[in-house]
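Protein chains in written order, with our numbering: chain A, 1 to 495; chain B, 1 to 220; chain C, 1 to 324.
No wet-lab data here; the hints were simulated from the structure. Incorrect hints may have been included.
[To be verified] Covered by chain B, per the in silico footprint, the following chain A stretches (three or more residues, Cβ under 8 Å):
(1) 141 to 149
(2) 158 to 172
(3) 234 to 247
The beta carbon of each residue, even a glycine, is placed where N, CA and C say it ideally should be.
Listed below, chain by chain, are the residues.
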Amino acid sequence: MSIASLLLPALLLLPLCAAMLSWFVPADQLRRAFLLVTATVELLLAAACWFVEPASLGGELLCLDAMGRLVLSLTCVLFFAASLYAVSYLKAEDPGARTDFHQGLHFSNAPEATFTGCMLLFLAASVLAASTRHMGLLWVGIETTTVVSAPLISFHRHRRSLEATWKYLLICSVGIGFALIGNLLLDIAMQSEARHVVDMSVSSLSQGSGRVHPAWFKAAFVFLLIGYGAKMGIAPMHTWLPDAHSEAPSLVSALLSGALLNCAFLGIFRAQEVALSVGFAEFTSTLLLAFGFSSMLVAALFIVNLGDFKRMLAYSSVEHMGILLIALGVGIAAGRGGLLHMAGHSLVKAALFLLAGNILARYHTKSSHDVSGMAQSLPMTSALWLTGIIAITGTPPFVVFISEFFVLQGLLNGGLLLPAAYLTLLGVIFVGMITPTLHMCRGGMPHDRTAKGGENLLFVLPSACLLVSALALGLYLPEWLRESLDRAAALAFHP
Amino acid sequence: MTVLPVAGNVLEALLGLVIISDFCLLGAERSRLCIRLVALQGVILGFMPVFAAGDGMTPWLAVAVAVFFVVKGGMLPLLLWHTYKKLHPRAPGASYLGNTASVLLGLAAFAFSLWLNSRLGIAANPLFSHIFPTAFATIFSGLLLITSRRMALAQIFGYLVMENGIYLLGAPMAQESAVWLEFSILMDILVAAFVMGIALTHINRAFDSTDVECFASLRD
Amino acid sequence: MTSQMIVALGGMLLSLLLAPLLPGCTNRVKAMMGGRKGRPLLQLYFDLCRLMGKSPVYPGVTTYFFKAAPTACLTSAVAALTVLPFWPVAAPANFSGDFILLAGLFAMSRFFLILAALDTGSAFEGMGASRDALFSALAEPIFLFCLLLLCRQAHSLTLSGMTTVAAGPAAIQGYWMFYLMLAFALFLLLLQENSRIPVDDPNTHLELTMIHEVMILDHSGPDLAFLEYAAALKLWIFSLLIAGLVLPLPSVPLFDDGGSLGPHGLAGLAVHWGTTLLAIFGVGALVGLVESLMARLRMERVPQVLAMAGAFAGLAALTLWRQA
């Protein structure tokens, strides 16, 4: 057995076994170390995939293509950052009953073992979704991410987080159900005779251009788009997203926004890949553009004067998912930019959510009106927060600027109306996000909060690393990465 | 005496029973009745692979049928029953729409499914076109249950009914080579229902109620 | 008189004789479900005999309508039997549009019963009459709609042509869902039209909640016997209609070309009548089952039952449209 053939099973089994084991680790300290070690090994394994081409297993059941590798690497990087953060975060958490600072009710945390176990299961499910090219298995992976991330959101068992969990579970489960319908319809669309067995792997679906049934195929794509779109937070199915992202512990929000949304995007990406090869790209890109712009519009409408900095980040995720769909709809002209955007958004947004956790821990409020004077009380967090917001709104020299520019370039090929709308919405969102941020960082300290203690380096280090990598990618895109992005983009972005 | 071809008629009758249970679910208020109806649907659906197989049962298919019976007809309803016992929902699971309106909406959903079926055209698999309206109507009734009921428990019912409809939709495509896939999908649904049940018990503890009216603190 | 006619009249006679057994069967199932021994199966026969031996008592304020109602009810029930086919032969009287007569006869008997109830001037009876009028006004269009659907499916305008056997086993082929939905709708109508749980409780002793029983409170002696018998016949008619829908039995050529009973005629007839009777009593048992498993609904929720029946009739229509 060579390394290449062992790589994918190892990537999959490692977090799975670690999750099972983590329930049996008795001491909290040990479990946190265990989490960090698993995350590190997984990251190394993912890095190995860039040097050794992993062998496929069972046709396309387990098969890592350029796109899968990109999503996998992002997931592992974010998971590593999140577990680094988790070690100190979990240490700071008080296990006993506490008072909810928002509603004044008592609550307690879920057991830490459950939290760690679910985090690892979430990693396993995301890796499964990234490393398969089989539509059925992809569905299983994405559905599993929903189920195992729900307990993460309600780690703090107070009313708001439980409400958010319920909405998340229900909307995403129903959405994923729609995606399953989409898969079944895809099967039907590809069936040429009664007892014809359709192989649901993406490559073999893509070869069926001659015998595809157009009406059923279009229906299938609509269902897949709505289903995975609900999971991805595409407006108007986005309603769970701000709730879940704002009520989850910050490191979970980082994982949800940076890793989970990418997995859901992968579902749409695969559907588009099939649509492209069987010749329906024109129909699908219109739909993608429409949903993309609707997401940007909703985000722009809600983000202005929102007054809650975690919800602000969540709506920004809605916006960026919209941009991803627009890129996919525009086609190969925005191809490299689109995938770069996915990477940039994941890195920066995860960093921002982790920083939001620091702010929340110090100020005990999510209201951006009540937070001020961060520059004095949390100097490092404040600087990084400002940098992150500037990065996420698409300001040069960060990678998000480059990718948004690519998308604009692609849009410019088709008239001026869409680029104008795109730029306007980006502008509105920029203003909507930067205004409360300046207030939070500058301004005087509130009188009732004294600056006590310094900042724990472990709380800012993960975000700093993520932001630096986003900056580096913006300044210099290595040749190997560019080549890989182009290869991934060629799969689903229509020429 | 002429002998009727049994399979087609039995399938037709089973589909009829699925529709009837959908409508009863839409009209029902009491959780116990709903759980029984979900179980009934599960048992009926357990038979579906037999019809999909057509030319004969293989051992794998028999195992699949047995597993579907146990999970859809037994484990899921037991899970619901367990959750129901824990929650003791005081108010009945009344609908925002009123029962008559939800039943009539269910009727409209069935008409829409028929229209959609004729609109999308004949699929290559004749069994699929046959099952499609019933399956889609079941999915719609599940969605209707989710959106129109006050009690959070009824939303789990709705989710399961929707999944039943999806399963029905997929039944004609059941193939031996993909039994593993169906099992993993079934497993996912089981775990999802389980997690929903747990979430609901926590919600009940925090809110002293599982009325979705309570969920009003998160909004923009 | 052809032998076909003789068989048809024989079927009708069978209905007249056995109808009082049906409520007995329902009651027995209820008693068994409740863990009781229950009253004798033939209780209604005994009651009818006893009542027939008594002389009627009329309240002083009543008029002609009060006395006419029992006879009108019984007459219309018997008349309804003449247009309803008893498997497997056509009804003694059949002509196109006779299903409207069936609905009309039900309406007539209800009209007289309501008038008689109002005639007494009792507040309770008036209340029952008003409820009955409302619910039956809601039920009648659904009933007619069901029969019209049957017409469409069997391409026949007579009740005899509509029942599955007359149309042959081929008719039911592929229409299982249709017949199932229709049978379900008719079953709900049966519960409403015959004042059974969940619409009305036949055993209740509280006048405030009654519908049918409260309307016959003041009748006595042979008048009451007529009304009870008419009610039993009505239950029988609905059960027969449902039984005719759902039994997927193939038909046997009972009569030879000359119109007399063929070689297998008698045996075939016995088998058919046996199965039909079994199905009728099966429906009766089902009513008993529903009565013991459900509670009476609040009065304002009764229209929901009818809406359900309407929805199922609508579903049946949709399935018919799909097949077309």
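Here is what the structure says about each hint:
| no. | hint | verdict |
| --- | --- | --- |
| 1 | 141 to 149 | holds (count 4) |
| 2 | 158 to 172 | holds (count 11) |
| 3 | 234 to 247 | holds (count 4) |
Checked against the numbered hints listed earlier, the structure breaks none of them; every hint is satisfied.
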